[in-house]
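Novice: Chain residues, written in single-letter form:
Number of protein chains: 2
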Amino acid sequence: MQNIYDNETFFESYLSLRENNEGLNDVLEIPAFRSLLPDLQDKVILDIGCGFGESSKWYAENGAKKVVGIDISQKMIHKAKEINADKKIEYYNLPMEEIEFGENEFDLVVSSLSFHYVEDFCSLIKKISNVLKPNGLCIFSQEHPVVTAKKINNGWAKSETGAKTHWILDNYQEETMRKQTWFVDGVIKYHRTIATIVNTLIENHLNIQKILEPISTSDAEIINPELKEERRRPPFIILKAMSVK
Amino acid sequence: MQNIYDNETFFESYLSLRENNEGLNDVLEIPAFRSLLPDLQDKVILDIGCGFGESSKWYAENGAKKVVGIDISQKMIHKAKEINADKKIEYYNLPMEEIEFGENEFDLVVSSLSFHYVEDFCSLIKKISNVLKPNGLCIFSQEHPVVTAKKINNGWAKSETGAKTHWILDNYQEETMRKQTWFVDGVIKYHRTIATIVNTLIENHLNIQKILEPISTSDAEIINPELKEERRRPPFIILKAMSVK
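First to last, the sequence lines map onto chains A and B. Residue numbers for the first sequence follow our numbering, beginning at 482 and rising by one. Residue numbers for the second sequence follow our numbering, beginning at 482 and rising by one.
For the record, the hints were derived by calculation from the structure and aren't laboratory data. Wrong hints could be hidden among the right ones.
Copies of the same chain look alike in the list, so a pair counts if it works inside one copy or between any two.
Claimed, not checked - Derived lysine to any residue pairs resembling SDA-like cross-links, with alpha carbons at most 20 angstroms apart:
#1 Lys691 - Thr681
#2 Lys709 - Ala638
#3 Lys556 - Thr698
#4 Lys645 - Arg712
#5 Lys560 - Glu500
#6 Lys569 - Ile678
#7 Lys568 - Asn688
#8 Lys645 - Asn635
#9 Lys726 - Ile683
#10 Lys691 - Thr677
#11 Lys556 - His686
#12 Lys691 - Asn680
#13 Lys660 - Asn680
#14 Lys691 - Arg673
#15 Lys691 - Glu656
#16 Lys709 - Asn680
#17 Lys608 - Gln555
#18 Lys632 - Lys645
#19 Lys709 - Arg673
#20 Lys607 - Gln690
#21 Lys608 - Glu707
#22 Lys639 - Asp651
#23 Lys709 - Gln654
#24 Lys608 - Val628
#25 Lys660 - Arg713
#26 Lys709 - Asn652
#27 Lys608 - Thr490
#28 Lys614 - Thr642
Remember, it's a predicted structure, so these values are computed and weren't measured experimentally.
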């Protein structure tokens, strides 16, 4: 289990990225993710890889009855309790590999950009399926398989002038660990194909309801035209599935 | 509606490719496709884009009660009647855009590598959903969206010595026509994202059961090691969905 978020350099760089809304999360991933959410009124929600609690807080403020936020990083959970505390939220310093909640405990399990860090995806999905109520929803985003496939650090091929010429795709069927540099060296992610992701959900009684490969909001693209580059290859994939156990 | 298969040059080149088992169909697409089929005993099957009837014939020989094979190409239907006739098969020269069969007429609708030729995918899927019995299955393969996305003819980037360095991915969100050269100039295909393909099925009451991004059979890879290159990017996608109307 990787705990890169407790690395001092990584933690500070990541916080700064998120606080300045510099990343793709705010303009691309979060709006698409939230468009998939059901009415949150009175829902009991598990937020896996909650980070510093930005989304957990938002769920609490938007009608959830109870939110459980878990994260492997002690620093993140500390920060979450500091800046995104709420009487409806319980934060736990816990890796997603070790979720041990009651059967049928949650109406909704959400996870934003965490699942590409988990080695045993099938075991994770099995656990989620177990803690979800019948008809409960699992909504998660992760790096798109055309992104996690790459073994080199930067997937863009570039011209001599530095312009992006195309996205490099390779090693797609090699479902193994990928070591990358993101703020620090040795960030570990796991590549899985779209087929594996979808079929693992289905085999664990999670019925696919929608898949998104989001682009930036039009407002964001007007402010920052460079975001249009994200249309050239999908950076993220978001899946919504319903428990049919 | 495109009828490239009635082009003399295209038709002869395509037949030669298929008859010599030179293409990826035989070693990669067909084995994966058939692994998704249910027991065919007494099934009424619609085979969309049946070509020269190779698969229609196989369904008839493997228990189907009735097979309806349709294809836009008169030449293909002529050839199908000539080499793959069977008393259980009806062949019609009909474009897939114009299927007009009875409601709930089929247990199984199959289509092999045809749907990337259709412009209005949603209308096609609506028609399929309509002719499928409740709990009936739709299984189809098409070129993978990482392949249809490309605007240039060859998606492999190559080194000076001609070795494949990686697959070129670009223009992913641009869901429009692509003109390619395949035996002849001006072969028209339509690119759609994975999200669009999956969500169109779901919106038309077709519940995703499985997705495959097939690799070659191990036998074929031993005989022709070059086939391992297909692992570097998925050439095809195959979807299996069940009618839940």
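Novice: Please sort Lys709 with Asn652 into within, between, both or neither, judging by C-alpha distance up to 20 angstroms.
Specialist: For Lys709 and Asn652, the Cα distance is within 20 angstroms only across copies (11 angstroms; inside one copy 26 angstroms).
Novice: At 20 angstroms max between alpha carbons, let me know whether Lys608 reaches Val628 within a copy, between copies, both or neither.
Specialist: Cα proximity of Lys608 and Val628: none, with 26 angstroms in one copy and 35 angstroms across.
Novice: Classify it for me, Lys660 with Asn680: is the Cα-Cα distance of at most 20 angstroms met within a copy, between copies, both or neither?
Specialist: Classified as neither: same-chain Cα gap 25 angstroms, cross-chain 32 angstroms, threshold 20 angstroms.
Novice: Evaluate Lys556 and His686 at a C-alpha cut-off of 20 angstroms and name the case that applies: within, between, both or neither.
Specialist: Result: close neither inside a copy nor across copies, 34 angstroms intra and 45 angstroms inter.
Novice: Evaluate Lys639 and Asp651 at a C-alpha cut-off of 20 angstroms and name the case that applies: within, between, both or neither.
Specialist: Both: 16 angstroms inside a copy, 13 angstroms across copies.
Novice: When no copy is specified for Lys645 and Arg712, does a C-alpha distance of 20 angstroms or less occur within a copy, between copies, both, or neither?
Specialist: So Lys645 and Arg712 pass the 20 angstroms test inside one copy only (12 angstroms; across, 25 angstroms).
Novice: Is the C-alpha distance from Lys608 to Gln555 at most 20 angstroms within one copy, between copies, in both cases, or in neither?
Specialist: neither (22 angstroms within a copy, 54 angstroms between copies)
Novice: For Lys709 and Arg673, with the copy left unspecified, which applies at a CA distance of at most 20 angstroms: within, between, both, or neither?
Specialist: between (26 angstroms within a copy, 18 angstroms between copies)
Novice: Can you give me the call for Lys691 and Thr681, within, between, both or neither, at a CA distance of at most 20 angstroms?
Specialist: Intra 15 angstroms, inter 9 angstroms, cutoff 20 angstroms: intra and inter.
Novice: Within a copy, between copies, both or neither: where do Lys560 and Glu500 come within 20 angstroms Cα-Cα?
Specialist: within (13 angstroms within a copy, 65 angstroms between copies)
Novice: Regarding Lys691 and Arg673, is the shortest C-alpha distance of 20 angstroms or less found within a copy, between copies, in both, or in neither?
Specialist: both (19 angstroms within a copy, 15 angstroms between copies)
Novice: Under a CA distance limit of 20 angstroms, which applies to Lys568 and Asn688: within one copy, between copies, both, or neither?
Specialist: This pair counts as neither: shortest intra-copy Cα distance 33 angstroms, inter-copy 39 angstroms.
In summary, the structure is inconsistent with hints 3, 6, 7, 11, 13, 16, 17, 21, 24, 27, 28 from the numbered list given earlier, while agreeing with the others.
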